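**Q** Letter by letter, the chains look like this.
Number of protein chains: 2
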Amino acid sequence: MIKKILADDLRLKWGRAQQAMEAMGADGCLLAIDVNLYYMAGAIFNGYFYLPAEGEPFFFVKRPNGLSAEQAVYIRKPEEMADVFAARGLRKPEKLLLEADELTYNEYMRLMAVFRPEETANATALMRSLRSIKTPWEIEQFRISAGQHDKTYAEIPSCYRPGMTDLELQYEIEKRMRRNGSIGLFRTFGNNMDIFMGSLLAGDNAQAPSPYDFALGGGGVTSLPIGANGTVLENGMAVMVDMAGNYTAYITDMTRVFSVGKLPRQAYEAHAVSIRIQQEIEAVAKPGTPCAELYDLSCRIAGEEGLSSCFMGTKQQAKFVGHGIGIQINEWPVLAARSKETLAPGMVFALEPKFVIPGVGAVGVENSYVVTASGLEKLTLAEETIIQL
Amino acid sequence: MIKKILADDLRLKWGRAQQAMEAMGADGCLLAIDVNLYYMAGAIFNGYFYLPAEGEPFFFVKRPNGLSAEQAVYIRKPEEMADVFAARGLRKPEKLLLEADELTYNEYMRLMAVFRPEETANATALMRSLRSIKTPWEIEQFRISAGQHDKTYAEIPSCYRPGMTDLELQYEIEKRMRRNGSIGLFRTFGNNMDIFMGSLLAGDNAQAPSPYDFALGGGGVTSLPIGANGTVLENGMAVMVDMAGNYTAYITDMTRVFSVGKLPRQAYEAHAVSIRIQQEIEAVAKPGTPCAELYDLSCRIAGEEGLSSCFMGTKQQAKFVGHGIGIQINEWPVLAARSKETLAPGMVFALEPKFVIPGVGAVGVENSYVVTASGLEKLTLAEETIIQL
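Chains A and B supply the protein sequences, listed in that same order. Just add 1212 to wherever you are in the first sequence, counting from 1, and you've got our numbering. Just add 1212 to wherever you are in the second sequence, counting from 1, and you've got our numbering.
The hints are simulated quantities; they were obtained by calculation from the structure and are not laboratory data. Don't take each hint at face value.
Pairs involving identical chains hold if they fit within one copy or between any two copies, as the list cannot separate such chains.
Said to hold, decoys possible - Taking lysine to aspartate or glutamate and the EDC-like style, the derived pairs with C-alpha atoms no more than 16 Å apart in a straight line are: (1) K1274 to D1425; (2) K1590 to E1494; (3) K1289 to D1425; (4) K1304 to E1331; (5) K1474 to E1282.
None of the values given here were measured: they were computed from a predicted structure.
Excised from the complex, chain A in its bound form (with noise of 0.2 Å):
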């Protein structure tokens, strides 16, 4: 199950976690998260990966039966894992870092329960910060996942058809998302994060606010709340495309325009701000940059060129424009006001200054990028201009 090709990148992120854990006084970790098992494991499973601040980890594995990695200990209850340690002459962790905004308060106390460590620890917060930033063969998997992502959104013009719903185009890009390799399912870290592959936003759907952390909103259908609601593609209208670039666990993020026949010229203007901004994030950025600077540049550009009203929405304004992706699609570091972070080598995020234009729909563009030694690699390269449908 752990391909060989995993091996190394597993060793090398095991002991960035156990510096970690060593610089916090931690002697164990354990996960139990489908994100950060497949980080850590290489592998989801129903179980249990334990890290020790010194030595080898244990994949504690209650199923499927026959998980070939050698580390594996069968159990059928996390009660069995105290009897593990015992037999083995383990000594139990003190300070014990479990996933405090993953696991669920009943699942975290059974731990507890299991462990009675002195201490604890956050384990999730360790895990969102080592996995911002990415190894080299994550970063080949953004790559894989982009080539893909650009693949797919060159096919959108011939997805479309004069009369078409939002959502009968986004079935058609969802069908070529799936033939170039997405594996659908779009992962995003907190509770109720409820969305299906991306958000395609046609029009005025687009200033429908979100209940969520995602720069736009939309509408959304019967149980969704966010997302494409049925509405019929006219003629000025734009269509915001930002669909998933989950083509491998990493996920990149791109988002790109299509128009509906002409759009009013301040459409056009604004989606040129957007690339403006983009540009001027590019020639700055570099290790070091705090991520709060990146914001601050984007509302001050929008604010020249008047149109902070409807940077990043209008009825509802997401208070960030960009953000770390991976496994998942809200990773950190987040480009915000507030934003303690600085760019680092190795972090990969997306960068979406969006403009709403009230009878017309939304504008500009998102693109991923990996941050180098010396600045910034954008990894989507689809087209960037607005394109007629």
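Start from chain A and add chain B according to the hints.
**A** Relative to the frame of chain A, chain B by itself:
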């Protein structure tokens, strides 16, 4: 946002919840999880639904702006709920229900600090229990889902092309699901239940064990731990289609089997045993029937037919034969040996006696049923024989 048509249904649910709260001596129930919000508030938003043991509920809304519910009270953070209680002279609950199996540990602790109740109880357990008895409006939603589910399944033979893989066939079915109104998102209870729109298992991939509580597994691809694995569809292979009936917020569950060419005789025989199990359960199940009895009946028939070793899997066997369905695919009751539940009118469940034939694939049927006053009513009505592609 709360549609008039739903208002009566919501009042019915609030009344049932308040009755249960009174019986357990709880004075307040605070809900934050999407499926519980949809159930009790008729909409998914970022915030909290608070139901006192007596009187009207509050919708504490963080986002989106402009929620039209008359009960909406806007807050920026959960701590402001305490201010609202104080400002309105409301008594804070002494025994508070919180979603202990769904909220994260940190969310739960933060809400505890806001309300400082003397006692708590598990809102997850209460909601799962209430949600297991569907209201008339909910049963109507299932009927809509079932009709579209049947329609999609009738289109499956037209999706097939010789030489395609299981994934390629699944993509075609997914597109038809979407065109027939599937919301796409497939809601499950529990962490890590990573599945995308359902499961399609061809040939021996049906033997690959599942990490989670799905009846069968499948090897999956990249970071998806279950489902189709790229198997090329070949002559003599059974293709089991178990794609979600998520055409409304209420999911029907239905499995049908297709064959590439003819299958060996034992596959048709096992398929007939699955239908026999279904018929025998249909004949005896009614309000008051213990769910465990239905599981035992299934196992007894599988045993009589000499099929125990391939019932519900081979390398790993699922230990249930049916499960409640609703807004999530895995609701209560569970038809398993240790189930303490008995059938009651308004329960809706899926029955899925399946057999895995090594070298051939999975066979059997799955259907969704509503429990009526006198017995079972089948909701999913697609042709049940093995259909040759």
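**Q** Confirm or reject each hint.
**A** Hints versus structure:
1. For a Cα distance limit of 16 Å, the shortest separation of K1274 from D1425 across copies, 11 Å, qualifies, whereas the shortest one inside one copy, 34 Å, does not.
2. In the homo-oligomer, the alpha carbons of K1590 and E1494 lie at most 16 Å apart inside one protomer (9 Å), although the nearest pairing across protomers, at 59 Å, exceeds that limit.
3. When the C-alpha separation of K1289 and D1425 is checked against a cutoff of 16 Å, the pair qualifies only between copies, where the shortest distance is 14 Å, while the shortest distance within a copy is 35 Å.
4. Proximity of K1304 to E1331 under the C-alpha cut-off of 16 Å is restricted to the intra-copy arrangement: shortest distance 12 Å within a copy versus 31 Å between copies.
5. In the homo-oligomer, the alpha carbons of K1474 and E1282 never lie at most 16 Å apart, since the shortest distance is 60 Å inside one protomer and 41 Å across protomers.
The structure shown violates just one earlier hint, number 5.
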